[in-house]
Each structure stands twice: as structure tokens, then as C-alpha cells.
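Residue numbers (the working numbering), protein chains in the order written: chain A, 1 to 487; chain B, 1001 to 1750.
Careful: at least some of the hints might be erroneous.
Said to hold, decoys possible - Only pairs whose alpha carbons sit at most 25 Å apart, straight line, appear in this in silico BS3-like list of lysine-lysine:
# : chain 1 : residue 1 : chain 2 : residue 2
1 : B       : K1027     : B       : K1283
2 : B       : K1445     : A       : K169
3 : B       : K1565     : B       : K1583
4 : A       : K128      : B       : K1473
5 : A       : K223      : B       : K1385
Stated by the list, open to error - If you want a taste of the chain B side facing chain A, the calculated C-beta under 10 Å gives, among others:
#  : residue
6  : A1458
7  : L1459
8  : M1460
9  : L1462
10 : S1463
11 : P1680
12 : D1705
Claimed, not checked - To list a few chain B residues with every Cβ distance to chain A over 10 Å, as calculated:
#  : residue
13 : S1267
14 : E1276
15 : S1398
16 : E1424
17 : W1430
18 : L1498
19 : P1521
20 : R1729
21 : N1746
The set of hints was computed from the structure by calculation and includes no laboratory data. All C-beta atoms, glycine included, are put in the ideal place defined by N, C-alpha and C.
So you can see what is in the structure, the chains are spelled out below.
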Amino acid sequence: MEKDTVHQDGKTPEALAITDHKVLVANRGEIAMRIMRACHGLGIPFTALYTAEDSASCHCDLARELGGEHCLYRVSSYHDANEIMSVADASECTAVHPGYGFFAEDFRFARRVTKRDRKMIFIGPSWKIIRELGDKINTKRLARSLGVPTVPGSDRPIYDEAEAEHIAKSIFEFQESQGITHPLVLVKASAGGGGMGIEEVYDPDQFRSVYRRIRNYALRQFKDEGVLIEQRIKDFNHLEVQIISDRSGKHPVHFGTRNCSIQSTGRQKRIEVAPGFAPETLDYSFDAAKVLTNIVEYSLTMATKVGYDNVGTWEWIVTRAGEPFLMEVNTRIQVENGVSGCIAHVAGRGSVDLIAEQIRLGLGEEIGYTQAEIATEGVGLEYRIIAEDPANNFIPWVGKIERFHWKDQPWLTMLTHVPTDRPYEIPTEFDPNLALAIIWGKNLEETKERGKIFLDSIVLEGQNASGEALRSNIEFLKTNTDQILHF
Amino acid sequence: MIDNNIEKRIVALQERLIYLKDIFAGKHADDSDLLQDRLASFSRKLRSDEVSDPYTDIASMEDLFSYVESKLDSSVTAMDRVRIVRHPQRICLRDILENVYDTFTEVGGQDEYSLDPSILIARAVITRHRGKKTYHQPVMVIGQEKGHGAEFRNGGSVKPWGNAKAMQFMRVAETEGIPIHCYVCTPGSFPIEDYPGAAQQIARNIYGMAGLRVPIIAIISEGGSGGAEAISLADKRIMLSHGYYSVISPEGAAAIEGHLKEGERASSELIEHCAENLHITAKDNLGFGYIDQIIQEPPLGARPWHFEFFRTLRQEVIRATDEVIISTRALPLLKTLAQNRHARPTANLEHLYIHWGLSAGARSRLVALRQKKFLRLSRSAASDKRPMYNKVMELLSSYITKPWNSFKYDFYRKHQRKIQTFVEEIDNEWETFKYRLLSPWRKFKHGIEKKNNAKGEALMALSEWTKDSRRKKWNYLSPRYKIDKTLTCPNSAEYGCLDLWGPDLFGEFAGVCSYCGYHFPMEPEWYVRNVFDKDSVIEFNSEIEAGNPLSFPNFDERIRKAQEKNGTRSGCMTFEARIAGIKIIVAMFMGTFRGGSVGAAEGCKFVEAAERATKNRYPFLAYVHGTAGMRIQEGTHALIQMPRCTVAVRRYIEAGGLYVVLYDTNSFAGPVASFLGCSPYQFAVRSSNIGFAGPGVIKETTGMDIPPRYHRSTEALARGHIQGIWDRRQIRANLKQALRTIGGRNLYYR
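Throw the hints in and build the complete structure from the sequences for me.
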């Protein structure tokens, strides 16, 4: 239960100087470590959390190292907002950093942080923006109102069967006119999400039965029978634009593009590259440089329109014909922010820590530089190293890691909460990421080469309860390295 | 050797002494001691042969008893009456059947071999003579049987199926066209929820009796609350002078007044105090107008040996039946003549024969008279502070709107439909003709459209969407949404729900737990503002105020506090509103006003609302934000609302309306067992409880431990009491659907 406590000096959190703040790191693992390091670098004290299952994670060690024994609180779950608020109150935090996952895109959590009696700052966009852009229909309509291209199809829930059929028919005809041989239409519950209540239609005659099934499902599940009907694009690259802005929301800048097309079968990213395409070195069937410029411009237009006031990522799909369509906006810091940071320079200073920028701007500092002062150099690459079996549908492997080391390189940043000096039991409660390896090279060739050198140097061994050896995706990453930025 | 006859008479006197002691429960000890001493010394003397003339002495002994009984009769208190009717020596229905009727046959079981031995149904016959002719007049006698304390009779506390049996045989009587005599001898119905539920069955009975097309006479000895109402909606209600008729047993009232917790017992002083202040006697109820007549019992109440009393009772039930029959006569002259003849106290009804069958017209008049009789009751018990001007205007306007509505809906609409069908047919033909005529042009136009492939653009352009109201979902938020506080869901132990943050819960979530769907109670205001079209709510009759018609001690203050706290003058708000443009009349019972209890004012407003809905052909919704039952501090003024409001509902439904009931939070007792429970369309909001008596009362009265979730709406749904359970956030959509699709052949918008 919360207590009504007033701020130590009676000031609202916005009025505090940046170093007078105390940040609650409401996350775990690698991202918690990056946030703690960023806070430490900015001279801001922090409080960290862990759960019983996570007590062996290196983020606990780092918290003790940087913040002392008292900055670490044990909670029963990272998902319980009540506990997080209690810790914040007990440790007198003035701001909360949600990291990614958990509460990062939960506008209610953000609203609670900023609207409770003892107000704090939510380090992320303001809750209204999270709500605004967290709604797919809303985002799509906003994009369309600004002339930003979105996936062909409906931009509002369809309740009428005749109208639904008409839209589906148009989408099939449109794809045929585009020369697509196996046109597909996607029917999804407008109130749904996370892959629930979504189905593909490959045959116009089949549409009606699928539509009714989804509609009934939506009514049962979400109490709203609205349905969205869209083109299902199969052959595409996944690109994203990194946006960053201060609290004024007036001067959003971008930190370039990323390409995240190499994914697991379950559409989870495995390799991310910045920038999004390499038109200088590779051949594309379309004007790749123009596509990159366009999506950056579109993203900035939308960010300016909504007054976007922290870090965020605009996700795009680019078809083989070179058409970009806005997919969604991630109103949070992303796992792969490091690849953009490693190729960026601000006013001549090398490699930017976007998390530190997020905290600095989130706490109310002005951005202090313009788009013109941001430059990029080289190609950045990120591997997500995961104990899983890519040959077998990427099933996560669970067990104990016994040996984990790699060769350090000046061009390599390794981000991991997995200890290298002791065995580590992988907790089953959380997402299975073990480490992020960020590699920089001056061009695509060098980056690929260095990537392979790194992957060859890594040792990741262990076994599970029945004595089977650890499975990892290192081979998968290696074979796919050659493919990066190709379309 | 003592004479056997004397011995018997001594035993009888001993019984009378026990009875006297029992009913006064320790009071008047000097009188009873005197009688005891005298009786003891008399029998001592008798046994030692010291009495010379035992017949004279026993007679004077009996005289003494009668004298003392007569003397004490004037000091019988309300609580003494309760003890009188509950005493095993009290006359029971079988005594009445044997002594009042000429022959009888028990139907639907016999003695303990019965579906429910606490209710007794018999085909009885009254034989009358006129001249040399003999007439056998059959009646259906229905009543609770207490059976002089026989355990299997359950004290006259009837189970749901017992009441169902009563209803079944009332229907039989209706089919056969014979009058019904109901003898009410019950402390209350047995509060169990087995199919169809105590409340639901009582509601069905009351609803059924409100339109039963044969004369019904009710004779009340022990009129305990809902159980009494189940068989007492009658054309004539007669009360025995030593009986009681009450909204709740004095013990129950004392438990509520004393704020007793489970297992505690109220003091006898408090019970006496409640009995007195509930005004439960025959005289009180005659004064209120809830009964038509009192039959005087012998001193200290009728017992099976009071044969003179049975003769009086016979006379009076015959008179009552005759009077009801006469009142339905169409010709005023014959009616007056017959009424005058019967009114004479000297009239010997055994020789005044009146045929008890009714013509079709007379049956309709009978039902109309009965309904009007109940609608008229208890008006003065509610304090009606509507300005005189309003009332007059309303009356005047009803003179105009009534015939106008009747012309508009009954005559015009019917013919309009015919015209419409004709026009539609012509229109169809014309369209077909036009289609053929224009088909070359269409082909040409279509060809052009195909060439400009604008499809892609259309699929990516912003569409028109006017109805995007997802952001601003609620017009009204509970004031609790401003409080920075976390709340624990009652299901958290079971489902692991995390604590909810008040501002989320009472704002956006509409009081629904986002983990398990539990519905936290919301303010009545929430429904008024969020269910109906914005700014469409117009309240009426807000000036009818809840009061304290019985001058129950300290109750004025409590009512005033409730009014201040709730910001309304009574526990029922009646208003006109729209849902998606459809006008609707709503009666809302607010759980925040004295637990949502229903008294005379609430009943009055409900009846007015039903009448307004009837007049305008609007659908009628009873939204029960919560109700704890009838307001006990108003006594029978509250109890009478059960039949009264049910009559109003029946009239509304039969006029072709759509009556929907929606239960929320907790709905119990009287209202559920009458005007709410009789709706064919009852729904519940999730997490609500519906039932007849709460767990504490069930334990107290039956000694049973009830299973968990006994009163949950899901149980009511499984039992068939309600038709569906609605999510609070879906009420508006569901009502919209209901208004368009169910019931009501005579609604203005159809």
C-alpha cells in the first residue's frame, strides 16, 4: 500500500536539477545494467530491483557495485506496479525508468507514476502519447491524416459484413493489379493484440467464413466485434527509425535507421544492423537511399505532430517494390538502440549512449543539439545471443551455463547479465536473451568480418538437468551474417 | 371417583392456563397464579371428595377463567398477538375446514404425504338453502397449515414448491370458475433458493393473483411478510382480531434495529418495542386500509373449542365472497339492492343464495376492481411534496394524452401498417423496372471506373469515421477515481489478482477488476450518466419523499441523514431517458439510500413510473442498484408495496410494454419476491447477489448452513431466475439490443 508522502524538499519532480533526482530502475538483466551505468555516468543515484529467481543475475552485482548495498530491493514480481511504487516511495525515488518490456509501454503505469499523490517522472514519453500511439487504429489514422503510407486496408474497425467483404475484395484486386501472385488478406480483431484473433485469407471465397469467425471471437474475447482488414505483405524488410526528443516535443531529431529483417520464425529479431540499407555497396531493386530518407521524414513528421517527448522507434515494412508502410510506433527505448548509438556522432563526439540521452531528456534537460550536428559513420551490427534451438522452431533451451567467454575487441561491446566467472542457471520466467553483442566496422564488409571473428571466439557451454548440452543460436547468427542488408 | 366429564373439563382448563401463561410470557403473573391456585385447590378438593356439586363448581371455575381472559384481553400487546398466533393451541386451517365448511377434500397431497405439508389445499363446499332448494357452492381453500405444532408442518413456513402448488390450484380454481379462500397463517416463507427460488416463486404467485379471474378472499391470522403476500392479493382481505400482519417478524426487526451480529440474540424488551412500533395489529392495518374488515375473536384468541367463532367466521367469509360477486355486477340498481341486503348485520347468509360463478364481463370487472383497489393503497404513507400546480397539470394533460395515444397507437398505427405494406410493394415494382431501364448506362459507367484504378489509393486513404469515442468512454467517473489508493480485489486469494490502483479502477476500468472481472460497486450516478444518452435524463416525481409514516422511534432523523448523504428525497429515482434515441422510463432503486429498501414513497414512485410508461408506450426498466428488501420501519406501508407495485407491473406488461429488470450489487427479499421478480426479462450485472434472505437470516430461521456462493447471480442464472449476466461496461449495448429485439407488442417505436 502506498503512503501519502511529500517530496523531501517539497518540490515537484520537474523542478529538480538533474543530479538531485533518484531513478528507480524498474527492470532486470542487461537493460537494467545499461540504465544503471547511464545514471552513474550522469551522476544520478538510482534504486534497483530484483526478484528471487534473478538473484544470481549480474545486474544485482552491478547495482551493489555502483549504488551500494542499500540501492537494491527485492520484489516478488517485476509485474506488480504496487510493489514498484512502494519501493519508489521507500527509497525516495523521483523518477522511474521502465526499460523495455514490463511497464515500458503501459500508459496506465506511466499515468500512475505521474498522477499519484507523490508524483514522479516516468522516463519515457508522456502517458498520453503512449496511449495515443499504443493504439494501432489511432496510429494508422494519424499516419494517414499526415499522408504517411500505411498498409493498404481499413483504418477503423469494420462492423458491417457487406463493407468488410467490399474491402477484402478491393485488397485482393489491388494486389493482383500489383502483380502479386499469391495475394493475401489479413483479418484481425481491432481490439486484439499480440497475435490473438488474427487470420490470413488466401481465397476471396473463404473470406466470409473467416470474417465471421474472427468477429465472433472478438465479441467473445474483447466484447467488441470490430474487425480490421488489411493486405498481408509477405516479402518485406523490417526497418525502423530512431527518434529522440526533449520534453518540449518541438524538436525531434533522428538517429538514423536500422534493419531488423533477420528474425526467428516467431518474428523475434535476431540480428539488427544500422543503417537500414547500404545503397553504396549493395544493389537493390528500388531506390534504397530514397526509401531511407522518406521513412525518416515520415517518422519525424508524425513525431512533431504528436509532440513526441522522449525516445521512440517508428517501425516500417519495406516491400520488394520499395514501398514503405508504417507498421507501428514503439514508445520506448528498444533492445537494439546500441547499434544506432555506436555509429552516431554528435557535434564531433563519437558514439552516443541513447539511454543516457533518454534519462537526461526525460528528467527535463533540453536536447542541446540539432539534426545537423548528428552524423553517422560506419556500420553497426547487433547479435542477440540466445540459448535456443533454431533448427527446432527456436525452442528455448533451459539449463545451466557453465562456460561463457569471448575475446574482447576494441570494436565490440558486449552487454550481458550472465556472469562469466561462475555457472548460471537460466531463469525460466523471463525472455531468453543472454547477451547482446554490438560490433562496429567502418563499412559493411568489415562489420561482417568482425562479426564472424567475434562469433568464432565465443564460448557458450552448459548442460541441462538431463545432461544434454546447451543449444545456442550462434551458428544461426553466423550463417545469417552474410545476408545482412541484402533484400 | 371423578366424573369423566369433569376430568376432561379440568384438563381443558389446565390447557387454557398453559395457553394464558405462554402468550403473556411471564406478564400478568398474579392473574395466572390466582387461576393456578384456584384450579389446583379445586382439583385437590375434588380428589379428596370434598366437593358436593362438581358441575356447579366447575362451571363457576370456567366462568372465572372466562372472566380473567376477558379482563386480560384488553391488555394484549402486539407481541402477545405474535405469541397467540404461533401457539400450538391456536386454531389451524384444518380446524377451519372442519368447522366453517360443510365438506372438504384435501388436494395435492394429504397430511405429511404432501409436496409441502406446510401448505394445505382443499376443495371445500359451502351448502346454502333458499326455500326448499339446497345449493352446494364449491370453493378452493388454500392456506398455510401450522397443525398445532406438528413438526412436519414446518410452522407454516412454505417452501418454494409449496407456493408453486398454491399457484397451481389457484389456476385450477380459475379454470373451474370457483372462488378462492386463502387463509394466511405463516411466519414467512422458508428462505431457500432451490428451484425456482423462494423470491421468484412468491413473485410468480403475486403476479398471478394480480390477474386471476375469480374472486379471492384472504383471511389473515398470521401474516408474516413475503410468505403472507404469496397468497393474499385478494379482492377482500379479512383479518382475525388477534392476528398480526407485518413486514417482518418482531425478532427480525429487533435483530436489524439492534445491529446484531451472527449468533447474538435480541433482548425481549427490544423485540416488544419493535412489535409495538411496527403497528402489526388488525386494528392498525384496518386503519391503514390494508385490510377491509376485522373478525372479532374470543378473548385471548380463537382456539379449536370456540365453536361460536367458527360460525361467525363462516358467516363472514360467505358475506365477503357474496360482496365481491355483487361488486362485479354491471347493473347499478341490482347491485345496490343486493349490497344493502348483505350489509344488514342481521342478514342470515345461509339463506341468501348468490350464484358464485361470473360472466366473462364480470371477470374482467373483478380483476380491474382488484387492481385498482391495490393501486389506491398507501398513497398517504408517502409524503408527496409535488406542487399542486404540477399535479393538476399532469391530470389535465393525461385527459388529453390518454385518448390521443390510444388513437395514435391502437387505431392509426394498425392501419398505417397496412398502407405501408401497400406502398412498399408498389415501390419494389418501380425499382425493378428502373433497374432494367438503366442497365445499359450502368454497364457503360462501370467500364470507365475500371480503367481509372483508384483502388490502391482508396485503400490507403484516411476513411470517414465519426463514431470514434474510444478515448472518452465514460461521461461520468466515480469520485473515487481521484483518490491515490490501491484496492484489493475480493477474488485476489483465489485468482491472484494484483492490487488495483483506485484512479484506474474507478475511472477507466469502470470498477471492474482487470484480472478477474470482479465488479466493484459503483455509484448510482455512474449508471445514470453512462448508460443513457448524454443529457437525456429527465427526472420526475423527485418531490415524493420517503418519510416515517409509522412514527417509528428515531427514524425521522435516520431518513433525513440518508436523504442528505444520498442527495435524493427517497431511495427510488424515476426518470425518462433515451438509449440510442429510444425513450425509456427508468425506476432506479439505490443501494446507497438505506440499503435500497423500498417504502411507501419508493413504491409510489415506481407505480407512477409504470403508469407513465403505460400511457406513453415506453419501455420500462427497473434498475436495481441494490435493495435490501422492504423498509421495515414503515411496517405494512412498505409490505403493501409488494402486491401494489406488482399490480402496476402486470397492468403495464398486459398493455403490451417491455419490462426489464437489471439487478446490481445485492438484491434481496420483498422487491425481488414481487415487482422485480415477476418480470419475464431479468438480468444481473456481474458480481451481484440475488436472493430472498441473506445468509445470516437463513441460518437464524432454518438452522441450515448455506453453501458458498449461494446468492451469486451465476446461481440465479443456473436456476433460471435471470436471463443473463451483463458486464457493467456492456449494459448500454445490451439494453439497446434488448429494446430492439425483445418483448412488448405495443411500444411506441415499433
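Results of checking the hints against the structure:
1. Taken as a hint, the K1027(B) and K1283(B) pair is honoured in the structure, with Cα atoms around 22 Å apart against an allowance of 25 Å.
2. Of the supplied pair hints, the one linking K1445(B) and K169(A) holds, its CA atoms being roughly 20 Å apart against a limit of 25 Å.
3. Under the criterion of a C-alpha separation no larger than 25 Å, the hint pairing K1565(B) with K1583(B) is inconsistent with the structure, at around 30 Å.
4. Distance hint between K128(A) and K1473(B) is fulfilled; the C-alpha atoms sit about 15 Å from each other, no more than 25 Å.
5. Restraint check for K223(A) and K1385(B): not satisfied, since their Cα atoms lie roughly 45 Å apart, outside the 25 Å limit.
6. Interface restraint check: A1458(B) against chain A, minimum CB-CB distance 7 Å, threshold 10 Å, status holds.
7. Taking 10 Å as the C-beta cut-off, the interface hint given for L1459(B) holds, the closest approach to chain A being about 4 Å.
8. Interface hint at M1460(B): satisfied, since its Cβ lies 5 Å from the closest Cβ of chain A, which is below the 10 Å cut-off.
9. Annotation: interface hint on L1462(B) holds; nearest CB of chain A at approximately 4 Å, less than 10 Å.
10. At a threshold of 10 Å, the smallest CB-CB gap from S1463(B) to chain A is about 6 Å, leaving the interface hint in force.
11. Taking 10 Å as the C-beta cut-off, the interface hint given for P1680(B) is violated, the closest approach to chain A being about 25 Å.
12. Nearest Cβ of chain A to the Cβ of D1705(B): about 34 Å, over the 10 Å cut. The hint is violated.
13. Here S1267(B) stays apart from chain A, with its beta-carbon at least about 41 Å from theirs, past the 10 Å limit.
14. Listed as a non-interface residue, E1276(B) keeps its Cβ farther than 10 Å from every Cβ of chain A; the least gap is roughly 48 Å.
15. The claim that S1398(B) is not at the interface with chain A holds, since no C-beta of that chain comes within 10 Å of its own (minimum 42 Å).
16. Every beta carbon of chain A lies more than 10 Å from that of E1424(B), the smallest distance being close to 21 Å; the non-interface claim holds.
17. A cut-off of 10 Å between C-beta atoms confirms that W1430(B) is not in contact with chain A; the least separation is 23 Å.
18. Non-interface status of L1498(B) relative to chain A is broken: a Cβ of that chain comes within 10 Å, the nearest being about 5 Å off.
19. Listed as outside the interface, P1521(B) is consistent with that label: its C-beta sits roughly 21 Å from the nearest C-beta of chain A, beyond the 10 Å cut-off.
20. The Cβ of R1729(B) sits about 7 Å from the closest Cβ of chain A, inside the 10 Å cut-off, so the non-interface label is violated.
21. Every beta carbon of chain A lies more than 10 Å from that of N1746(B), the smallest distance being close to 31 Å; the non-interface claim holds.
Against the hints set out earlier in the document, violations occur for numbers 3, 5, 11, 12, 18, 20.
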